[in-house]
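Kindly produce the complete structure, drawing on both the sequences and the hints.
Read off the chains here:
There are 2 protein chains.
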Amino acid sequence: MYRTHNCGELRMENVGEEVVLSGWVQKSRDLGYMMYTDLRDRYGITQLIFNEQVTEKELFESARTLGREYVVRVKGKVIERQSKNPNIPTGNIEIEVTDLDILNASKVPPFTIEDDTDGGDDLRMKYRYLDLRRKPVQENLFFRSQLAVETRSYLSKEGFIEVETPVLIKSTPEGARDFVVPSRMNKGQFYALPQSPQTFKQILMVGGFDKYFQIVKCFRDEDLRADRQPEFTQIDCEMSFVTQEDILNTFEGLTRYLFKTCLDVELPQFPRMTYDDAMRLYGSDKPDVRFGMQFVELGKEDLPEGFPVFDSAELVVGINAEGQAGEYSNKDIKKLTSWMQRPQIGAKGLVYVKFNEDGSIKSSIGKFYSDEVLAQWGEKFGAKKGDMLLILSGEEEKTRKQLNELRLEMGSRMGLRKPDDYKPLWVVDFPLLEWDEDTERFHAMHHPFTSPKKEDVERMLNGDHETMKALRADAYDMVINGVEIGGGSIRIHDRDLQSKNFDLLGFTKEEAEAQFGFLLGAFEYGAPPHGGLAFGFDRLCAVMMGQNSIRDFIAFPKNNQGRDMMIDAPSPIHDEQFDELCIQLNLPEEEA
Amino acid sequence: MYRTHNCGELRMENVGEEVVLSGWVQKSRDLGYMMYTDLRDRYGITQLIFNEQVTEKELFESARTLGREYVVRVKGKVIERQSKNPNIPTGNIEIEVTDLDILNASKVPPFTIEDDTDGGDDLRMKYRYLDLRRKPVQENLFFRSQLAVETRSYLSKEGFIEVETPVLIKSTPEGARDFVVPSRMNKGQFYALPQSPQTFKQILMVGGFDKYFQIVKCFRDEDLRADRQPEFTQIDCEMSFVTQEDILNTFEGLTRYLFKTCLDVELPQFPRMTYDDAMRLYGSDKPDVRFGMQFVELGKEDLPEGFPVFDSAELVVGINAEGQAGEYSNKDIKKLTSWMQRPQIGAKGLVYVKFNEDGSIKSSIGKFYSDEVLAQWGEKFGAKKGDMLLILSGEEEKTRKQLNELRLEMGSRMGLRKPDDYKPLWVVDFPLLEWDEDTERFHAMHHPFTSPKKEDVERMLNGDHETMKALRADAYDMVINGVEIGGGSIRIHDRDLQSKNFDLLGFTKEEAEAQFGFLLGAFEYGAPPHGGLAFGFDRLCAVMMGQNSIRDFIAFPKNNQGRDMMIDAPSPIHDEQFDELCIQLNLPEEEA
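Residue numbers (the working numbering), protein chains in the order written: chain A, 1 to 592; chain B, 1 to 592.
No lab work stands behind these hints, which were simulated from the structure alone. Because the structure is a prediction, the values reported are computed rather than measured. Among the clues, some could well be false.
Given that identical chains are not distinguished, each listed pair holds provided it fits within a single copy or across any two copies.
Said to hold, decoys possible - For lysine-lysine, the following DSSO-like pairs were computed, each having C-alpha atoms within a straight-line distance of at most 27 angstroms:
1) 217 <-> 286
2) 107 <-> 509
3) 453 <-> 75
4) 107 <-> 500
5) 454 <-> 385
6) 384 <-> 367
7) 500 <-> 469
8) 107 <-> 135
9) 217 <-> 126
10) 401 <-> 500
11) 217 <-> 157
12) 126 <-> 187
13) 126 <-> 500
14) 107 <-> 75
15) 286 <-> 454
Okay, structure coming up:
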């Protein structure tokens, strides 16, 4: 037997018991005549004591050989500690060891197994098995496991059936890039890994499953950033005979349940904001509403001619950074301006207007506008003494995006984005289509299966090109603290409307049939009205734990080159494999 | 609003209520002045009534246009039925319809949506969305969903953490053939899809996770049979600081819980049988113990010389088919012999000995052996009057396998293999290695990470070639009704022992390092003793529901050519994709 108890459960009431524990040596303190060793497992830490006066000499010598991360089994008696440790649940007792078995030795780890480790990212990814022993990493993954349990529990109670959809499916050129898998049995053909189970869950609705969910791996072969992984996990859901309202209520319910059970946080009711309002007031379709600082636009009436930059701008828009007038020296403003001018943001400049505590007004464009005009702006922004306006101008869409970055940066600097202050909302009424000026074609704003709003169906079927740009969809995103947690839509369930949509998106009849013929076919055999949504599960974990990187919630993440540093994958394959799959490499000269 | 109730929940107490229902038209009966329509959804069937005398003419005409599988929404009043239907839960009521909305029309389905359909396999796979509407298919998938819920519930309560392991991993030539995925970012290199998360779950144990589980998709690129799919699902588990006994008890507990909660079946305690006994008594490592008919061997003492076939045979072994003497005419015996001689089984012949009710003995080899000798056999087999011995002879291993097939066939013919009679057992003490005469090398009987029994470790590290053949492993299979439901082992956690095992399996040092270096490395940093097992989830579903094909428990199965008939995958990919992945086709001439 390896243990009678784990390392986290012994208490005062166990004093006097003979116990067996197994675990890892966290650290030892050798006082010469006495040795204390912390024994660690997933459940906690228990102190072992080796006493030269009580213990056999051989055992004491053996205890002396224990290094960090050795795996041992000990037998001994639970005794009361002389100096108790109130910081750990087992802090009142210790184990007087009578038997010691070294189950496995350990080399000295390349970094410390502590909450704050000295290991760099690469080292920790390579020795992931050691990093996984650290408490913060374990806690993240335990949280993820709990979140999955609670998600399933809630959705099951609500009548959702979990159905596994296939991983080996078909490549479709829409959306992101597919990972593909050569088929040995169907030579020259390829499976694709799913970017989402979208069409399958719709097929399940056509098949009468009514309420479906799945916590499922999805795959995108895209260039990677900190919050993107080639494989990621979704909570994928679909319902039949529902309106958008039904779906929002169901998944607001799920989210509130998860926050309550996993974090003991009561979320407020989720406000709803139209896409148009989100773009107008925050310059983003995923606004962080933990703080205000909404956009205020300056119009012709606010801008007497004189400052050429504003005079010629499509949009002049700003935010009011409350209480910041005294915080920003000219040098600080200059730094902030440079930050805005980095290529990632690309602002041309940044205008400030300070309303100083002494009543004076100071602005980078004071020579173009009178104090009266600036005061009028202040009123429009609701600025008080001590506040500072930050104003951008230029082409409308770009300027809003830039101001969104500035608003978020100022929110962070001003401490208004607390990780444990959760502010959810629904963004609704997304446009159906997005016009791409470069390629002169429409893209689906959500995906090609999204339904236009009922009142827009007629216009979609019969309208002209300009009409299409104005179509609104029953599409919605759940946003928490500026992060898009989930999104979905009511789907098209009518063959003609779906064909029209494929048409608008530039599919030929043949392409639509080849790629989605099964779905169009399914719509001819009694498809019910349906809709759904998908949560980014990795991201939900991160947001709930107030962290930024999804990587810390994935047991075996890949790096930015898509590599698993521990197992060293991907890797070359054997000639036999190439032969069986009837493929060969075709590397560019310099790499071949 | 699409519905106030579903189609399975209205009862007498709802009579008088105004309700809205949505669903599919199952069928209609038009009596001229009156029309009855069955409305179906996942939850049940509710009868709608359109009454010419009550209903508006327009509504009545519209109802007449409804075809099978039309999707409709109706509004109406719940009324008591005149002729009640006790066969369905809603059989006491019907809906007097006042509003009818046709939500979607349907073409006539290519097969009937009934419990017993007239659709063939191919048609049903192509129109999977229609097949999914049939009750037996839905029930199988609902059962699967429930089984997953209960599995997670049990394991979570037992302290297991569900951790997702990666799908994009590394190709290893051991075991079955890998599906591979070309990497765009690491040109010329490939990921592989996991055949199981084996090494990752071991790494999680090294990482201190203590108890891990996952319900997880696995992949094997093998030629397919009815009970094999290229992607399949496992309940994958691993535990630290455990002995084989701990694991058997834990997962026997899980299995008993699943049978109790999902089927209301109390399983008996699982008997344990050594691999040697299973092979000796049943000729199989997954014996069906719903019935006896154990193998009985005839030795030199039972076989006076005279029948050359037996005289020269390595093994003479048979079974007693109770009460079958009178059931098998010479012609029947001949047929059974032919069945055994098919190439799939390959027996050379089949000897019978009948102990007739009248006391006479009849045998195909009566002229070689006296009645006294045959009677002596009868005693050895425990045969009574009316019984029939069936005896095979030949090379030991082959003969046992053939007799296993015969035993199962006789069990089926005699009605001894009832689907709802569940007889589980553990088969234990598997050999560690299997010697392959053809390739002259060892294969791992379970997998390369399986530990020899403690008492065999010394022999493994220092023994000679013959010793290796006799090594036993802490490896075990769970078998129910002749089906291997799960299997696992205690793993090696010592680097030297693991290296020795790779060595025995024919890996060079370099190969072992390239493929499993991370695991060997992990064993140097305090790997705990650990072990686990994996259940075939699809198969568990099928066995519990008393069915043979796992395909009926998979929402979107592939056919024997690995094709998804509905979406028509796999399929060709675009030139751009080939270019980005730096691969090209290399088809044999005739297919290019």
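Results of checking the hints against the structure:
When the C-alpha separation of residue 217 and residue 286 is checked against a cutoff of 27 angstroms, the pair qualifies only within one copy, where the shortest distance is 24 angstroms, while the shortest distance between copies is 33 angstroms. With identical chains, the CA atoms of residue 107 and residue 509 are at most 27 angstroms apart between copies only, with a shortest distance of 21 angstroms across copies and 64 angstroms within one. Taking the shortest Cα distances, residue 453 and residue 75 sit within 27 angstroms of each other only across copies (24 angstroms), while inside one copy they are farther apart (69 angstroms). In this assembly of identical chains, residue 107 and residue 500 lie within 27 angstroms of each other by CA distance solely across copies; the values are 20 angstroms between and 65 angstroms within a copy.
For the homomeric pair residue 454 and residue 385, neither the shortest alpha-carbon distance inside one copy (49 angstroms) nor that between copies (80 angstroms) is at most 27 angstroms. Taking the shortest alpha-carbon separations for residue 384 and residue 367, only the intra-copy value of 22 angstroms comes in at or below 27 angstroms, while the best inter-copy value is 117 angstroms. Within a single copy, residue 500 and residue 469 get their C-alpha atoms as close as 14 angstroms, which meets the 27 angstroms cut-off; across copies the closest is 68 angstroms, which misses it. In this assembly of identical chains, residue 107 and residue 135 lie within 27 angstroms of each other by CA distance solely inside one copy; the values are 20 angstroms within and 59 angstroms between copies.
For the identical chains of this complex, residue 217 and residue 126 are neighbours both inside a copy (23 angstroms) and across copies (25 angstroms), given an alpha-carbon limit of 27 angstroms. Proximity of residue 401 to residue 500 under the C-alpha cut-off of 27 angstroms is found in neither arrangement, the shortest distances being 32 angstroms within a copy and 61 angstroms between copies. For a Cα distance limit of 27 angstroms, the shortest separation of residue 217 from residue 157 qualifies both inside one copy, at 23 angstroms, and across copies, at 24 angstroms. Taking identical chains as interchangeable, the C-alpha atoms of residue 126 and residue 187 lie at most 27 angstroms apart only when they sit on different chains, with a minimum of 21 angstroms there against 36 angstroms within one chain.
Taking CA atoms no more than 27 angstroms apart as the test, residue 126 paired with residue 500 passes between copies only; the shortest distance there is 24 angstroms, against 50 angstroms inside one copy. Taking the shortest Cα distances, residue 107 and residue 75 sit within 27 angstroms of each other inside one copy (24 angstroms), while across copies they are farther apart (74 angstroms). Within a single copy, residue 286 and residue 454 get their C-alpha atoms as close as 25 angstroms, which meets the 27 angstroms cut-off; across copies the closest is 59 angstroms, which misses it.
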